[in-house]
Amino acid sequence: MAVKWLPRWFFQLASPRWCYQITGMLIPWFAVVSITLVVLGTIWGLAFAPADYQQGNSFRIIYLHVPAAILAQSFYMLMALAGAIGLIWKMKVADMVAKSVAPIGASLAVLALLTGAIWGKPTWGSWWVWDARLTSMLVLLFLYLGVIALNSAIESETTAGQATAVLSLVGLVNIPIIKYSVEWWNTLHQPASFKLTEKPAMPPEMWVPLLVMVIGFYTLFGLALMLRLRNEILQRERRASWVRDLLSVKA
Amino acid sequence: MSNQQTSFAKLFVHTFKRDLVLAFRRKSELVNPLIFFLIVVTLFPIGVSPEPQFLAELAPGLLWVAALLSTLLSMESLFKADFDDGSLEQLLLSPQPLFMVVLAKVSAHWLMSGLALTLVAPVLAVMLFLPAEGMPGLMLSLLLGTPTLSLIGAIGAALTVGLRRGGVLISLLVLPLYIPVLIFGSSAVQAAITGLPLGGYFALLGALLALALALAPLATGAALRISVSG
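Those protein sequence lines, which keep their order, are chains A and B.
Numbering (my numbering) for the first sequence: 1 to 251.
Numbering (my numbering) for the second sequence: 1001 to 1230.
Keep in mind the hints are simulated off the structure, nothing from the lab.
Predicted model, so just to flag it, every value in this text is computed and none were measured.
Even for Gly, the Cβ is constructed at its ideal location relative to N, Cα and C.
Please note: incorrect hints may appear among the correct ones.
Residues from chain B shown here face chain A by an in silico Cβ test under 10 Å; the list is partial [to be verified]:
no., residue
1, Ser-1077
2, Thr-1118
3, Leu-1172
4, Pro-1180
5, Leu-1209
6, Leu-1211
7, Leu-1213
To list a few chain A residues with every Cβ distance to chain B over 10 Å, as calculated [as the list claims (entries may be wrong)]:
no., residue
8, Ile-27
9, Ile-85
10, Leu-87
11, Trp-124
Using the sequences provided together with the hints, build the complete structure.
In structure tokens form, the structure reads like this:
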């Protein structure tokens, strides 16, 4: 093996059976850490962090909004990366990861848009503003929806996985282009009155709980991903003997 | 080396000619996207307001959106006929690089859709009271932008070619990717109307085209192999 410094379990992740077992061992840890961090971050952010001097208490929605937005973006990258691995090395597990990530990422993008709209109502006075960030998040949601639609339209699982991988890679190349073109379009068309969107330099009492929430969200949705992935593995490997053994023992 | 180059050129020319001949044998399909373009543009004065001043303001974006939609509409047929009669499989089996085949097919397709749209656009622009200063901006931005639209659309067409109902799906896949071209295209027309310098817009549209020329045929080729083998 060319890469000797990687631990053995890393390579074992490529086999659905081992992946099922390893994620099974990781899940309790992720559950404990994520619940602790999210509860801690929520209480800290909502109750103890100081109110913003301009926006008052309405700014507190960033403790939900920012983690959701960050995760929506990084899950798209994860999806494209997993898709590429599946496409190049024909790894079944990578395909399954890509498939399981898509709905989670899409719902995070929806969450980011919803919280953005709720924050926008008191701050901007309207539910929706064609702000550069909101618009590029909306486009990201469209990209997710396209990937999900394509995946569900193709019957064969392998073909669906490969086609989705190509699409998400094309999307990955386009995301920076879309992001910058939208930003550029926005500066052309919008008056500069919405500069409020640019975050002020936050004091540590504000950003530490935010950081806690971001890490909490990563572990929480990593957990969600593992649960989905395990379902996907069982469903696709239902004809394998180890799945049959597992299910018959439980039944 | 030179031998190989001539064979690449030959491959391109042959595929290109074949697609042109096939397209001209089904003239109605050739005209349909143009008629669609015309109808969509007609809908707006009827649906919104026929007032010249308002239409002139709307015209750059409207013409670009309509051109984008009619390109998209024509994309579905790019590989469909070849897929149905099995010649796509022959193309995939040939030892020649798929990159060139895809490039030739997209070029022929663009000649029928994108270039035709560009040539028809001024007529519609006059109907929408687009100021005369905007005309060169419109023509040039469409000329630079529509090939990118065709190249990106080809990826969507290749991904959905094996599906029975790919029509709506392809727009779902491709439209988000069209957004940068739409932004720079319609901004170029707007800049032309207000008399601002256009060079930057064309440079950006050209950059998008260069990127699409280099990468989109690769993705299209991979997508075709997946769709046909699946």
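Measuring Cβ to Cβ, find out whether Ile-85 (chain A) lies farther than 10 Å from everything in chain B. holds (15 Å)
Leu-1209 (chain B) as chain A interface residue, shortest Cβ-Cβ below 10 Å: Where the cut-off is 10 Å and the nearest Cβ of chain A is about 12 Å from Leu-1209 (chain B), the hint is violated.
Restraint outcome when Pro-1180 (chain B) is required to lie within 10 Å of chain A by C-beta distance: holds (4 Å)
Minimum Cβ separation between Trp-124 (chain A) and chain B greater than 10 Å? Non-interface label stands for Trp-124 (chain A): nearest chain B Cβ at 22 Å, farther than 10 Å.
Restraint check, 10 Å cut-off on beta carbons, for Leu-1172 (chain B) near chain A: holds (5 Å)
Residue hint Ser-1077 (chain B), partner chain A, criterion CB-CB below 10 Å: Hint on Ser-1077 (chain B): violated, closest Cβ of chain A at ~19 Å, above 10 Å.
Do the numbers back the hint for Leu-1211 (chain B), that is, is its least Cβ distance to chain A under 10 Å? holds (8 Å)
Would you check whether the claim that Ile-27 (chain A) is not at the interface survives, using Cβ distances to chain B and the 10 Å cut-off? The assertion about Ile-27 (chain A) holds, with a minimum of 33 Å to chain B.
With chain A as the partner, please determine if Thr-1118 (chain B) meets the hint condition of a C-beta pair closer than 10 Å. violated (21 Å)
Please check whether Leu-1213 (chain B) passes as an interface residue: C-beta within 10 Å of a C-beta belonging to chain A. Violated: closest Cβ of chain A sits about 13 Å from Leu-1213 (chain B), beyond 10 Å.
Measuring Cβ to Cβ, find out whether Leu-87 (chain A) lies farther than 10 Å from everything in chain B. Label violated. Min Cβ-Cβ 8 Å, cutoff 10 Å.
Going through the hint list in order, the structure does not satisfy hints 1, 2, 5, 7 and 10.
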